[in-house]
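Trainee: Kindly produce the complete structure, drawing on both the sequences and the hints.
Single-letter residue listing:
Number of protein chains: 2
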Amino acid sequence: MKKNLTLDDIAAQADVSRATASRVLNDRPHVRDEVRERVWQVIQETGYKPHPVARSLASQRTGIVGLVIPRTTEGFFTDPYFPHLTQGIAYTCNEHDYIISLFLIQTQEDERKLYPRISQGLLDGVIVQVGAIGDQFIDALLQGSIPSVVAGRPQHHPEASYVDVDNIAGAYNAVMHLLQLGCKRVATITGDMGTTAGLDREEGYRRAIEKRGIPIEPDLIVHGDFTEISGYYGMQRLLPHKPDAVFTGSDTMAMGAIRAIKQADLSVPEDIAIVGYDDLPPARMASPPLTTIRQPIHRFGVKAVEILLDIIENGKEPPRQIVFDTKLIVRESCGSSVGT
Amino acid sequence: MKKNLTLDDIAAQADVSRATASRVLNDRPHVRDEVRERVWQVIQETGYKPHPVARSLASQRTGIVGLVIPRTTEGFFTDPYFPHLTQGIAYTCNEHDYIISLFLIQTQEDERKLYPRISQGLLDGVIVQVGAIGDQFIDALLQGSIPSVVAGRPQHHPEASYVDVDNIAGAYNAVMHLLQLGCKRVATITGDMGTTAGLDREEGYRRAIEKRGIPIEPDLIVHGDFTEISGYYGMQRLLPHKPDAVFTGSDTMAMGAIRAIKQADLSVPEDIAIVGYDDLPPARMASPPLTTIRQPIHRFGVKAVEILLDIIENGKEPPRQIVFDTKLIVRESCGSSVGT
DNA sequence: AAATAACTTGAAAGCGCTTCCAAGCTCGGC
DNA sequence: GCCGAGCTTGGAAGCGCTTTCAAGTTATTT
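Listed in order, the protein sequences are those of chains D and R.
1 is the number of the first residue of the first sequence in the working numbering; add one for each residue after it.
1001 is the number of the first residue of the second sequence in the working numbering; add one for each residue after it.
Since the hints were derived computationally from the structure, they do not count as laboratory data.
For each residue, glycine too, the CB sits at the ideal point set by N, CA and C.
Errors might be hidden in some of the hints.
[What the hints assert, rightly or not] Straight-line alpha carbon distances no greater than 25 Å define the calculated SDA-like cross-link-like pairs of lysine to any residue that follow: (1) D:211 x D:223; (2) D:49 x R:1312; (3) R:1113 x D:26; (4) D:49 x R:1109; (5) D:49 x R:1107.
[Unchecked claim] For the chain R half of the interface with chain D, some residues (derived, Cβ under 7 Å), not all of them: (6) 1057; (7) 1091; (8) 1106; (9) 1116; (10) 1228.
[Said to hold, decoys possible] Sample of chain R residues with no beta-carbon within 12 Å of chain D, all distances over it, derived: (11) 1016; (12) 1220; (13) 1311; (14) 1314; (15) 1330.
Mentor: In structure tokens:
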């Protein structure tokens, strides 16, 4: 195997100095065209590739951004949210020639190790998915100088840059839709109340109910954690209170709820209408197909990267905060007459 | 913001040379206990963290392994396979203090860019998921000197190190189970025939059928691509040929097939028995719950990393090749009397 | 034609760390 | 009390690249 080429080799072969070779390599000005071409020639012929680590050390940028995914709940496997988000992020990184470094936090140990590894020069920036991960980590991140963007709204950090979707409005619209269809006893199975997504979606539910002048009935609110199984059990607890409609904090929980409903020999939407949240592929394939709230997850990921790169270039002030709108997708599970 | 500490600062403060400080930092021998302690003290007090890039440049190892996921089919989102695999890999990497760099190949462009970026010193090793990605890429990888492990059996590279599951045996057992239950017309919806998983699972189907002395009926074999929708359409094409059982190349396709069956007013397993492949969470929650083949995906990911690290340490010869066994999980969709 | 501006180029100083090498020590054995 | 073995230690040479600075060239201005 032939010895790896260095920029010095290229410089020697093209009969210029290393500095000039570097200029050509990086497409910098102040090189005569003739020389520039000569150097390119040598680079092409030899198949030379610059050594990324050396380059990083000298330039103080690595071209790597971190993607931190919090303590892996079952949700990571079940929920297509993460793959979608990751895909949006990866797509945009590829486009801008950045590389992604993935940190799946699984153990307490991982979490401890994380900050030190992240804070010290390997990464140009970090995208953190909010979740079960301690605010403490986000604290540290924001204190530090490394550019960061939060995916989802961080609970106690109004000054952080983040991208989020308007969960309150989304949930509000979902519940309002049910109310307008004539449902009288609309219940909800919330997502994980340790996340802003869970909290906000419950808030949207409350606002819609109150907007119609209906008193909030605590028995009609049960807490889940975004997983199918929590939707299933949530629904079982709800059934004795005779809801005629349920808004669930995720499609996955909606699937669980439907399972429980069918098992109780009731049917969707005749006996109980359902509206989910996410509009990921399974929603369309459910039986009945799910009425749900669509989030632009892909754009979400794209934007997160764009913001991060902006921060890397231009500094973290002012905070960039973007909230995406959601869209109600009406299918059959809500019993709407216009169902597809 | 305080200037970043360097090893020189530590050395100065501890009144030793940089060489000695480095020895202490890396827990190397040949340092007097007293000195070692003094240096540690300074490191602790100052909160010094070594600069990973500088360290990589000097030591010629980065502690980063690449994870390459091929051209992203719809499957990446739908199929919990990838999250599970990723999780197994991440877990093991965390444990060994390696960092994962994720490469999702999405465009032709990405694929072109990939090899150059990978081949040149940023990564200590690479795990490649086989799939729609050109063998050409795996070719290049194997030619080069960078340690690599393939997840799944690469089609034309018997000399590669890989981890795989015994797809042929798995499929064989699935189909044999159906035959033993008395099914007479067992069909199959295969996975993507561009993958060894797809090919091998069909092969297993064929072997089981032939083993029972039944002639292969081409009409009972349709090709899908692991997605729900391909299972749905596949089943629709199968229905006119009156199968009484179907083995699908993935659980996701099984869900699609069930949807098509129900839509034709037939029922599972009474009219048509189904066996899937994967045993991921949705299988358990399907209605009816899916009889399927369980693959140890998590261990699969773990092993891939272990092999890779082994290669990094000890060289790529001889090739490490590991094939995991699968397990038939009997639930209700096959109509077995012992269904849960 | 002289003076000045603008562009090219290479030498050299890092970036922060690892590691080889040689020098200086300590200590036991005879 | 002397010698060599075996530790400790620091100096210095990289790892491969970027970037500053000053010197050398060429083009422009008056």
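Trainee: Run every hint past the structure and note whether it holds.
Mentor: Hint check results:
1. At most 25 Å may separate the alpha-carbon atoms for a hinted pair to count; residue 211 (chain D) and residue 223 (chain D) meet this at roughly 22 Å.
2. Between residue 49 (chain D) and residue 1312 (chain R) the CA atoms are separated by roughly 22 Å; this keeps the pair inside 25 Å, and the hint holds.
3. Between residue 1113 (chain R) and residue 26 (chain D) the CA atoms are separated by roughly 17 Å; this keeps the pair inside 25 Å, and the hint holds.
4. At roughly 18 Å between alpha-carbon atoms, residue 49 (chain D) and residue 1109 (chain R) fall within 25 Å of each other, so this suggested pair holds.
5. A C-alpha spacing of about 22 Å is found between residue 49 (chain D) and residue 1107 (chain R), which places the hinted pair at or below 25 Å, so the restraint holds.
6. Given hint, residue 1057 (chain R) at the interface with chain D, holds; its Cβ is 5 Å from that chain's nearest Cβ, closer than 7 Å.
7. With its C-beta approaching chain D no nearer than about 6 Å, residue 1091 (chain R) sits inside the 7 Å limit, and its interface hint holds.
8. Checking residue 1106 (chain R) against chain D: minimum C-beta separation of about 6 Å stays under 7 Å; hint holds.
9. The interface hint given for residue 1116 (chain R) holds, since its Cβ lies 6 Å from the closest Cβ of chain D, which is under the 7 Å cut-off.
10. Hint on residue 1228 (chain R) holds. Least Cβ distance to chain D is approximately 6 Å, under the 7 Å limit.
11. Non-interface status of residue 1016 (chain R) relative to chain D is upheld: no Cβ of that chain comes within 12 Å, the nearest being about 22 Å off.
12. With a least CB separation of 24 Å from chain D, residue 1220 (chain R) remains clear of the 12 Å interface cut-off, as annotated.
13. Taking the minimum C-beta to C-beta distance to chain D, about 16 Å, the non-interface status of residue 1311 (chain R) holds against the 12 Å cut.
14. For residue 1314 (chain R), the non-interface assignment is confirmed: its Cβ lies about 18 Å from the closest Cβ of chain D, beyond the 12 Å cut-off.
15. No Cβ of chain D comes within 12 Å of the Cβ of residue 1330 (chain R); the nearest lies about 20 Å off, and the non-interface call holds.
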